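Protein sequence lines, in the order shown, are assigned to chains A and B.
For the first sequence, the numbering used here gives the first residue as 1, with consecutive numbering after it.
For the second sequence, the numbering used here gives the first residue as 1, with consecutive numbering after it.
None of these hints come from the bench; they were simulated from the model.
In this text the structure is predicted, and so the values were computed from the model without any measurement.
Quick reminder that beta carbons are idealized off the backbone N, C-alpha and C, glycines included.
None of the hints are false.
Chain A is faced by these chain B residues, among others (derived, beta-carbon under 10 Å):
id, residue
1, His410
2, His411
3, Thr419
4, Ser422
5, Leu424
6, Ala506
7, Glu571
8, Ser572
9, Arg575
Pairs of lysine to any residue residues, derived as SDA-like cross-links and limited to a Cα-Cα distance of at most 20 Å, are as follows:
id, chain 1, residue 1, chain 2, residue 2
10, B, Lys293, B, Glu259
11, A, Lys57, B, Ala404
12, A, Lys107, B, Ser442
Given next are the chains, with one letter for each unit.
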Amino acid sequence: METLRILIADDEPIIRLDLRQLLENMGHTVVGEAGDGATAINMARQLRPSLILLDVKMPSMDGIEAASVISRERIAPVLILTAYGQGDLIERARDAGVFAYLVKPFKETDLLPAMEIAMSRYHELATLEKEVGRLEEALETRKLVDRAKGILMKKFGLSEPDAFRRLQTQSMKTRKSMKELAEAVILADEV
Amino acid sequence: MESHVPEGTEGAEGTQENPLVAATERGLLSVPLVPSVPSVTLVPSVTLVPSAPSVPSAPGALEQQLAEKTLEADALRRVSEAIASAGSMDQMLQVVAEVAVSVTGAESCFIYLLDELSGDLVMNAICGGDTRLVKKIRLRLGEGVTGWVAREKQSLWISQRAWEDARFKNFPELAEVGFESFLSVPILAKGRAIGVINVRTSQPLPYSSGQVQLVETIAGQVAGAIELARLHHATQMRATQLSAISEVSKSITSNLYLEEILQLIVAMTAETIGFTICSIMLVDREREELVIKATSTESRTYRDKPNVKIAESVAGRAVRSGQPVIVRDVRETREYQQRDVALQEGLCTLVCVPLSYQEQIIGVLNCYTSRPRAFSDEELHLLTTLAHQAAIAIENSKLMVKSAIIQEMHHRIKNNLQTIASLLRLEMRASPNNPEEVLRVSISRIQSIAAVHDLLSREDLDAVGFHKIAESILSAAKQNMLAPGQTVSSNITGDDVPLPSAQATAMALVLNEVVGNAMEHGFAGGQPGTIRVNLTRRGKQGIAEVRNSGARLPDDFDLMRSPSLGLKIVESLSRESLRGAFTLLSDGDETVARIHFACDWPLE
Numbered sequence: 001m002e003t004l005r006i007l008i009a010d011d012e013p014i015i016r017l018d019l020r021q022l023l024e025n026m027g028h029t030v031v032g033e034a035g036d037g038a039t040a041i042n043m044a045r046q047l048r049p050s051l052i053l054l055d056v057k058m059p060s061m062d063g064i065e066a067a068s069v070i071s072r073e074r075i076a077p078v079l080i081l082t083a084y085g086q087g088d089l090i091e092r093a094r095d096a097g098v099f100a101y102l103v104k105p106f107k108e109t110d111l112l113p114a115m116e117i118a119m120s121r122y123h124e125l126a127t128l129e130k131e132v133g134r135l136e137e138a139l140e141t142r143k144l145v146d147r148a149k150g151i152l153m154k155k156f157g158l159s160e161p162d163a164f165r166r167l168q169t170q171s172m173k174t175r176k177s178m179k180e181l182a183e184a185v186i187l188a189d190e191v
Numbered sequence: 001m002e003s004h005v006p007e008g009t010e011g012a013e014g015t016q017e018n019p020l021v022a023a024t025e026r027g028l029l030s031v032p033l034v035p036s037v038p039s040v041t042l043v044p045s046v047t048l049v050p051s052a053p054s055v056p057s058a059p060g061a062l063e064q065q066l067a068e069k070t071l072e073a074d075a076l077r078r079v080s081e082a083i084a085s086a087g088s089m090d091q092m093l094q095v096v097a098e099v100a101v102s103v104t105g106a107e108s109c110f111i112y113l114l115d116e117l118s119g120d121l122v123m124n125a126i127c128g129g130d131t132r133l134v135k136k137i138r139l140r141l142g143e144g145v146t147g148w149v150a151r152e153k154q155s156l157w158i159s160q161r162a163w164e165d166a167r168f169k170n171f172p173e174l175a176e177v178g179f180e181s182f183l184s185v186p187i188l189a190k191g192r193a194i195g196v197i198n199v200r201t202s203q204p205l206p207y208s209s210g211q212v213q214l215v216e217t218i219a220g221q222v223a224g225a226i227e228l229a230r231l232h233h234a235t236q237m238r239a240t241q242l243s244a245i246s247e248v249s250k251s252i253t254s255n256l257y258l259e260e261i262l263q264l265i266v267a268m269t270a271e272t273i274g275f276t277i278c279s280i281m282l283v284d285r286e287r288e289e290l291v292i293k294a295t296s297t298e299s300r301t302y303r304d305k306p307n308v309k310i311a312e313s314v315a316g317r318a319v320r321s322g323q324p325v326i327v328r329d330v331r332e333t334r335e336y337q338q339r340d341v342a343l344q345e346g347l348c349t350l351v352c353v354p355l356s357y358q359e360q361i362i363g364v365l366n367c368y369t370s371r372p373r374a375f376s377d378e379e380l381h382l383l384t385t386l387a388h389q390a391a392i393a394i395e396n397s398k399l400m401v402k403s404a405i406i407q408e409m410h411h412r413i414k415n416n417l418q419t420i421a422s423l424l425r426l427e428m429r430a431s432p433n434n435p436e437e438v439l440r441v442s443i444s445r446i447q448s449i450a451a452v453h454d455l456l457s458r459e460d461l462d463a464v465g466f467h468k469i470a471e472s473i474l475s476a477a478k479q480n481m482l483a484p485g486q487t488v489s490s491n492i493t494g495d496d497v498p499l500p501s502a503q504a505t506a507m508a509l510v511l512n513e514v515v516g517n518a519m520e521h522g523f524a525g526g527q528p529g530t531i532r533v534n535l536t537r538r539g540k541q542g543i544a545e546v547r548n549s550g551a552r553l554p555d556d557f558d559l560m561r562s563p564s565l566g567l568k569i570v571e572s573l574s575r576e577s578l579r580g581a582f583t584l585l586s587d588g589d590e591t592v593a594r595i596h597f598a599c600d601w602p603l604e
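Produce the entire structure from the sequences given, and follow the hints as far as they go.
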């Protein structure tokens, strides 16, 4: 596992002391410690850590609320620590975009797998989101090209393959993307 | 003068208390009792079958009869119309009173109705008299001519000198003295007298049997209408009561707080039955008292009244017997403890219904009226149901609180286990080659956490006093850490403050480390010494000091650079959990550990 920059938030200083040592012994860096949810969010925004460990029960704002803000802002994956093991809490955590959780009192050996799960799920999600973005872009281009083709077919009485070929040739000639070219054709037509 | 008394009534009359005598004793009579036999014509209603009308002999008589019949028919038509169209019972009775006056040629008519709850006859309509008296005049059954007619369920008419009748009762407001004639007809429904129609004149008037019969017929129609109205009213009442119960049931299963639910119950009860004050009192078993928990009144006099003893009060009797208790007038019984409150608030009848849950009486629902009032079985049943709902609401909320406490305890325990696991791991890493030391230090830390739990469980689960924490840490340290023969004395002085559970645990851990250090480093090698713990409170800040007389700190001591895990724990707990700071310094011959901490419990 790569070296992580970690932010920890728990209102019990002793537990934090223990967590810091555990993480540092694994070779990670603890970039910050917070005692409540609101501070955790502020520190996360400033320090941009690569992983955040949040206790659920904290004053001013609980860990799950903090987690939902952090995940909405796509700052880093969140690993929740909780003394409760009830279903509704886990459901709340999932809805808040939490990727993994540990039930207190946790074992040293449980920490690493939970961290790995949080990291890999977060990356998976990031990859998927990127893929979705790419596909959306492709779909958008396809729609524009279709419209441009229609304009050319109507204007010049071309068949569909001919219209497409014309766009393609022009794209290569002008070194513009098909999307840009299609947009230009549509714009010209509208004017 | 002659009197017609039906057979069989005479004997009964003789044994009864003469209402006149009773009235005189109460000073109600203005007319002296005339013992002479009054002029009375008395006919039981059953005998009032048309008294064999003589065959008319002359056309003139025929004409008169026709006129009479026309009048009768018209009167009955007007009554039926009034019954069918009147917007209220009062309106209908008003029309009936007017009709009665016109068909009898009397000067005035009073209609009395039976008040089911008190059993009294209450004046409900007046024609030809002071209408302000409506609902003001009340008669006991058997009281006066009217009361007699209602009780005996038979009509009575007196043609002249009505005041001389033994049954006559004078109401100065009605100015009946001087009235010569009187016709009184019972309103009978299903064989029960539910009211009386009276007409009277200031001149002697011989009522004809036809007139009597006509008024009786009208009375019969009125009886039917009243019964119908009563049924309607009863149905409506039932509907209101049911909706009150359903409202209350709904509130119990809602998210309302207990105080709000009980407040709703007393308000609903007061409104549905029309009580002046309604309140719920709960049993305090320790003091054997009843304490007000919710009340419908804003009055401070009532709200601030002292608790009542279960052994000697009306409400207490309901609790002791487990049965509803009704007192007709609390101002007239010694059993009611707060007579002055009753007088000031105008409280009269009190109904106490016990609140029972699983055969245990946990409280009582008290309902007061401002006037003497009786209660129907149905009303008592409703009150019992509402009291039962209140009991369920109370027990329900107790269970909710219990389960919340269990949840909270569960959470605290798990969190503490995590703290212990962390402490063990930290110590293991700090002294990797000395497992014995790891265990010794860890055990003392765990004991200090346990000490707080112990204190919490003995006190009220919310907070522990600083002195008690210090005491238990000091005594544990002396037990565990003193060398054989070593003497270390200790004392605790200064202010005491309560610490909520999380802070108390942190304080216990801090004191444990500080006292442990003093024992270990200050009095090393078995030398004797003193440890003094002192607390000073300055507003929202507390300063705890632990002073030891043993060896001094090294001159170049720097807390922040100390590698000691114990001091690291103390420093971070003081800063975070206690929201203060920790300093370690030398003061003359003494080493002082000073803990500043926030003391703002309980939060306002």
